[in-house]
Every structure is written in C-alpha cells, then in structure tokens.
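Chemist: Chain order of the listed sequences is A and B.
Under this note's numbering, the first sequence has 244 at position 244, and the numbering climbs by one with no breaks.
Under this note's numbering, the second sequence has 338 at position 338, and the numbering climbs by one with no breaks.
Don't take each hint at face value.
Now the in silico label distances, taken between C-beta atoms and shown as ranges [claimed, not checked]:
| hint | chain 1 | residue 1 | chain 2 | residue 2 | range |
| --- | --- | --- | --- | --- | --- |
| 1 | A | THR326 | B | TRP367 | 53 to 61 Å |
| 2 | B | GLY143 | A | ALA59 | 31 to 39 Å |
| 3 | B | ILE343 | A | ARG218 | 18 to 26 Å |
| 4 | A | LYS173 | B | SER145 | 44 to 52 Å |
| 5 | A | ILE65 | B | LEU107 | 31 to 39 Å |
| 6 | A | ALA59 | B | ARG108 | 25 to 33 Å |
Treat the hints as calculated values from the structure; they're not laboratory data.
Using N, Cα and C, we set each Cβ at its ideal position, and we do this for glycine too.
Each chain, letter by letter, is given below.
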Amino acid sequence: MPSSTSSFKNRLRLPRLFFRQPTEAESVHGGPPLEFERPIPPIPWRGITVIVAIIVIAATTAWEIYCRSIGYGPTLNDNEDLWTLVRRKVEPESIVIIGDSRGWYDLDLDELQEALGKRPLQLAGGGMCGYPVLADLANDNNFHGTVICSIAPRLFFAPPGTPPFERGEKVVKRFHNQTPAQRMSEYLAMPLEEHVAFLKQEELTLDDLLKSIPIPNRPRALVPPRLPPYFGTEDRERRSRMIEACADPNGELARMIQKIWIPLFTPPPPPSYIPKEEFMAGIGKAIEQRFADAAVAVEKLRARGGKIVFVRLPVSGGLKQLEDQTTPRAKIWEPLLQRTNAPGIYFEDYPELAGFNCPEWSHLSAGDSVEFTRRLAPHLRTALKM
Amino acid sequence: MASVCMNLSMLGFFKYGNFLLENFQWLLARIDIIYHPPHLDILLPVGISFYTFHSLSYTLDIYRGVLQPTRSLRDFVLAVSFFPQLVAGPIVRAGDFLPQLVRAPRLRLGQVLWGLLLMTLGLFEKIVVADTLLSGSADRIFGYSGPLSALDSWIGVLAFAGQIFFDFAGYSTCAIGAALCLGFHLKDNFRFPYAAIGFSDFWRRWHISLSTFLRDYLYIPLGGNQVRPLRAAINLVIVMFLGGLWHGAAWTFVIWGLLHGSYLVIERVVRVLFENKPWANNFATRALAGFATYGAVCIAWVFFRASDFTVASRMLDGMFGRHAHGDAILSTREILQVAIVTICVIGVHWTLRDSNIETAVTRLPRWVVTTTWALMACAIVLTQGNSNAFIYFQF
Numbered sequence: 001m002p003s004s005t006s007s008f009k010n011r012l013r014l015p016r017l018f019f020r021q022p023t024e025a026e027s028v029h030g031g032p033p034l035e036f037e038r039p040i041p042p043i044p045w046r047g048i049t050v051i052v053a054i055i056v057i058a059a060t061t062a063w064e065i066y067c068r069s070i071g072y073g074p075t076l077n078d079n080e081d082l083w084t085l086v087r088r089k090v091e092p093e094s095i096v097i098i099g100d101s102r103g104w105y106d107l108d109l110d111e112l113q114e115a116l117g118k119r120p121l122q123l124a125g126g127g128m129c130g131y132p133v134l135a136d137l138a139n140d141n142n143f144h145g146t147v148i149c150s151i152a153p154r155l156f157f158a159p160p161g162t163p164p165f166e167r168g169e170k171v172v173k174r175f176h177n178q179t180p181a182q183r184m185s186e187y188l189a190m191p192l193e194e195h196v197a198f199l200k201q202e203e204l205t206l207d208d209l210l211k212s213i214p215i216p217n218r219p220r221a222l223v224p225p226r227l228p229p230y231f232g233t234e235d236r237e238r239r240s241r242m243i244e245a246c247a248d249p250n251g252e253l254a255r256m257i258q259k260i261w262i263p264l265f266t267p268p269p270p271p272s273y274i275p276k277e278e279f280m281a282g283i284g285k286a287i288e289q290r291f292a293d294a295a296v297a298v299e300k301l302r303a304r305g306g307k308i309v310f311v312r313l314p315v316s317g318g319l320k321q322l323e324d325q326t327t328p329r330a331k332i333w334e335p336l337l338q339r340t341n342a343p344g345i346y347f348e349d350y351p352e353l354a355g356f357n358c359p360e361w362s363h364l365s366a367g368d369s370v371e372f373t374r375r376l377a378p379h380l381r382t383a384l385k386m
Numbered sequence: 001m002a003s004v005c006m007n008l009s010m011l012g013f014f015k016y017g018n019f020l021l022e023n024f025q026w027l028l029a030r031i032d033i034i035y036h037p038p039h040l041d042i043l044l045p046v047g048i049s050f051y052t053f054h055s056l057s058y059t060l061d062i063y064r065g066v067l068q069p070t071r072s073l074r075d076f077v078l079a080v081s082f083f084p085q086l087v088a089g090p091i092v093r094a095g096d097f098l099p100q101l102v103r104a105p106r107l108r109l110g111q112v113l114w115g116l117l118l119m120t121l122g123l124f125e126k127i128v129v130a131d132t133l134l135s136g137s138a139d140r141i142f143g144y145s146g147p148l149s150a151l152d153s154w155i156g157v158l159a160f161a162g163q164i165f166f167d168f169a170g171y172s173t174c175a176i177g178a179a180l181c182l183g184f185h186l187k188d189n190f191r192f193p194y195a196a197i198g199f200s201d202f203w204r205r206w207h208i209s210l211s212t213f214l215r216d217y218l219y220i221p222l223g224g225n226q227v228r229p230l231r232a233a234i235n236l237v238i239v240m241f242l243g244g245l246w247h248g249a250a251w252t253f254v255i256w257g258l259l260h261g262s263y264l265v266i267e268r269v270v271r272v273l274f275e276n277k278p279w280a281n282n283f284a285t286r287a288l289a290g291f292a293t294y295g296a297v298c299i300a301w302v303f304f305r306a307s308d309f310t311v312a313s314r315m316l317d318g319m320f321g322r323h324a325h326g327d328a329i330l331s332t333r334e335i336l337q338v339a340i341v342t343i344c345v346i347g348v349h350w351t352l353r354d355s356n357i358e359t360a361v362t363r364l365p366r367w368v369v370t371t372t373w374a375l376m377a378c379a380i381v382l383t384q385g386n387s388n389a390f391i392y393f394q395f
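With the hints as constraints, model all of the structure from the sequences given.
Modeler: Encoded structure:
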C-alpha cells in the first residue's frame, strides 16, 4: 500500500524532480560540508595588504596637506542630519532663524542672544527655501515661539520641485524620519569633520572634483549653473561665518563667486516643451500660491501665540541689481507683508543697515555679520514687540 | 505546503497588497463598480524578497528530499538571516549554507584579506562607479519631463545599465567578502553579464542566485526543456513574468520580465534556425550577438528604471529619435563619464567572460593588484559623503 505522502504527491502531479533521491553530497546537514569553497588567490596577502595600507594612509595625508595649503580648513558639512540636530533643540518658546543662506551667514547668534534674551536656533541654510520649514513649525502644535525668516525672493518663492524647495523639504523630512543610524552617523562624523579639511561634501568629493574639470558643453545643453566654491565655516550650532579669503570684495575668491551668483539667480528660460506664456502663468500661479500658503502658516503660528518677522538682508553689486529687476520689492516683499500681516525689516529702509557691503554680493563677512546683527537687534525687538 | 503558503503570503501582503488592491479597483471600475479600497500604509520590510526566498529554498529542498531538516533553530535562523546577504542578496540556498555550519568556520589570513579586498571592490563599485560616476546622469535623464535628444536618452539608459550592475554587483561582492571574513563561502551572483552572447547566457551571468532559483524551483518543475517547444516557451515567459514581479509591485517590472521572457523565446527560435550555419560561431557573429544582447538588455532596463509608462515611452521615443528637437540636458563631462565607464565595463567583461576574478587576481602581476586595491581604497576615501541606498534594498 502506498504511503500517504506519496499518494499526496501523486495527486498533486508534481514533476519528477521533486521525487528524486538526494545525492550523498546533498543530504548532508549533519554530515561533512559541501565541496563548495571559494578559491583564495595564492598571492602574498600580508605584504600586499601592508603596502596598500601604507599607500592609502600616505595618499590621504598628502591630500589633507594639499587641501589645507590651498585654503581649505576643517568645518562641519551642512547636511540634513546636522540640521535635524539643531531642529531637535527647538522648544515651545524658542527663537528660530529660518530661510536662506543670508539668514545663515548674516545673523550672529551671540548678538541676538544678548539682544533678545534667548539664544536663537539656526535653521536657515544655503540655497534653501524657508517655506517648508515655516510650514513645519506652523504645524508643530508644541511650538509657539518666535520665527525670524530671511527672505531672498527667488528662494522663498521657489516652486515645489525646484532645488531650493526640495532642500527645505529634505531637511524637514529628515527631522521627522531620521533613523538611529543616520543620527549616530552624524555624531561620528562631526569630530572627524572638525579636524579634517578634505571632508567637504559640497566641494572636495570625487564628484565635485570631476565637475570642476573645464570641459565645454554643447551649445544647446541645458546644464544647471555651477554652485559657489567653499567660502564659509560652520559649527555645531550651524552658525556660518565667511572665511577671510572671501572677505575682500576685490579678492580672487569673492570675484569668482560674484560671477557665479548671476546665472544662479537669473530666472531659467522656459522649458522647450512648455509654451512661454503657459510657463510664465505657471510661475505666477506658484508665487500666488506661496503667498496664500505663507499666510496660512503665519496665521496658524500666530493662533498659538507664536510670532514671526520677515527680514530682507543685505545684498550688493550686480546681484542686487538683478534681484531688484527680477523680483522687485513692490511685487514680492510688500505683498508678502500685506498678505501675512506680519512685520518685516528691509535692510534698505534703515540707514544703519543699508551701508553694509557684501564682499561676494550675497553675504556679509564674518566681522560685518556681528556688527550688522547688533544694529538689526533693536529693529527686531520693535517688530516682535519684545 | 503550509510553509510555502506562509512565506508567499507574507511576501504577498507586504509587497503586493496595495498593488493588488489598486488593480482590483481598476478592474471593478471597468465594469462600472466604484470601489475605494483602504490604502494600506504598509512599511515594506527591507530585503523581504530575499529572506522569503532563503526560507522557501529550505522548505522546498526538504520537500524535494535534497536536504534533511536541520535540528538546530540557531542554524536555521542564521541560514535565513545571515546579515551580509540579508537585505539584497545573493539568494543563498539553505543547501549551500547549512552544511557550512556543521563545523566552526576556519579563518585563514589569506581568506580574510581576500574578503577585505572583495569588500573594497564592492564598495568601489557602489560608491565610486554607481553613485558618483553614473547615478547622476541616469537620475537626471529619467527624471526629466520634456522630450530628450537621442544622445541624452541613450546616455541615460547606458548610465542606468552601468549603475544597476555596479550597485547590485557591488553589494553582492561586499556580501561575499564579508562572509569570507567570517569564514563562510557564498557563490558568485554575477559573472561579467555585459559580455553575454544571447539572453540565456545573460541570465547565467546576471543575478545568478535568482535565475538559478527560478530555474530549479519554477521552470524545471513546470516541465523545463522536456516539454513541447511551445509549452517550454510559455513556461519561459511565465517564469520571467514572475521574475519581473519579484522585483517590484509595478507593471513596469512585469513588462521588464516579459521582455526578457520574449527575448529568451526569440533566442531559442534563432538558435534552432541558425545554430548549424557555418558562420554561426565566428567572431563577427558572436560580437554582433553580444552587441545585440547588450542593446536589448538596455532597452529592457528602461522599463525597470522608469517610474511609469509615460516615462518609459518618453525615453524610448528619445532613444529611437522620435524627438527631432529633443533637449540636451547632460553636460559634456557627464556624457564622457558614462561613455568611458560603459566602454571600460564592456571591455573588462569581455576580457574576463570565460574566467573569474580569482583567476584574474592570481595571474596579474603583484604590483598591479596592490596598486588597484590602493587606488580603489583612495577613491572611496575621496568620494566621501552620503551615498544612495542600494537599489536592490527596495526589493
């Protein structure tokens, strides 16, 4: 009589392969290991490994020395995890700075602490649209503190899907979804970045070094404009300071960056696949939407007792001309204050704030940022009714 | 049966739950029934496709009688969740791994250092080649919303073809190296696939652990080559359809699998028709066949990478010159980078197609091995920063 198992198998009509007897080598768990073993190349491993280790250590040291010799110094990388580290320190009544790199470079935390009675937290960032951060703070029911929002019009009004907006979204997303591994990685990276000059993710990576090779592009190529080179340092509070080499407006570095800002801040041409009128209408709609969204966020914040002040920080030279032309005050700044019913400080309105010159046209030098903040503080106190 | 059902239902729930519901909703809508299924906010466990297959291989091998059940829960858990290959393969069969647990692994210096070299190679493939040299171009091209020029479209596809290889082969190489450092031996998952001549050859070289799994546990039980040609062809398409679906719950993956199934069927027909021709095995024919294989594999990658069919069709239109005035969005540097990497990878694969990395390392002069290892390590240090997650983590 057939066993119940085999009749079950027969009923299933499974192919023969299922029934074949295991080979001796196959039925061996409990027996000797299978014959499979990866071959190890028979070469002098010890010697090769020692030489490789020596080459890697020597090359890394040489690279570090070279980077320092051409002006790079150790500084933290500004990434989502460092931002999250600061964002986690936000308490219900904190003062936070949000927005673009002008808020990041131009506002001195010590001066603000002295003037406002509380040390602000720096959440502004390079090339960042401040709106996603503003919306996140507005939606944070625990937060009813004070927001100082820097407005560089092309960044704050950047539509969704553009790099400035994505940068803002990315940091907020990381704050909400940061994994323990990412957190730990940042804690491990910071001491290294504070001592090693070549650890600069925005500039000295292999990718960035390849990008710096001057190869002409095709005439029609829609290649994104290049970003400015290293010109600032950052600490664990995310306080950024311009390096000395950039502080001279006629210096080589400052002049190079001046040339980079112009294409970066020039509105891009409409894509070939969207008619110009349609594209311009889309931009107008996106700006209008940002006014509405900002007003909603400010209202939410205010409803919980929070405060906000918009600040327009110094900009100079050709970049100022470009901004005045492409994002005129009457079309961006005034409607923003009007729609949000929030106070604002425009640097040109106050003689004591208007006289600063940005060496590379967009940010104040480290020394000027302290003096500027000292002069700005009384206006902040008035605007915030402190 | 219970074990197989449990494993597959876990995979089905986590990976295909929303996909099935969406398609069910779509089908009902065809007959005017409006149904709004609840969206299941399912967090896909990392590497579920891999450890499900590890576990399945154990059950199926015991059922087939080629493996005896282990009496050790510790050994079973280790075989299913051995960390180096847990999240992105290779798929290690219980029959290959459990026997290695009989004795404590023997560690030899050469083995550990060879493991370290393989890990360096794997990280170099992933961090330097896939993420730094290729992923940027692929992402920009596949993420562009407008019409693309033929050159840019092809460069984007070639970039992705390289990226997916270096990303996945890099992970597999790291897994093999890490396992070696711990005293375990995992089989190769890739064998210079871009030097394949024909699609059956390609699948003997690409993701070998998956292709052999599908062959042994699906294709052969369906009848393998022992059935009528038409039935065998249908079986091939079924297997590749499921292979496509294994990669992700999206119709683009299904089309990718079906394309490969069709390629395999066409290859069989071509072999039957031309195998005995005198020119069938000469160098020019083989080179042409290799080139055609690579081209067809690249076309299939379009569906694998595209987020939806709109993107895929825009890419194919660009590749076949249907955008007369398509946009040029890649810089000359990016084009050169992708072209150089592609030429190098094809060159290396053809050089080593009948060999393996161990043989190559043994034959190379010592100074070449040393310099290459040091250069790879330096490039990894230089690349720094946060790399992208491995593509196959999502599967």
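Chemist: Starting from the hint list further up, note which numbers the structure goes against and sort them upward.
Modeler: 4
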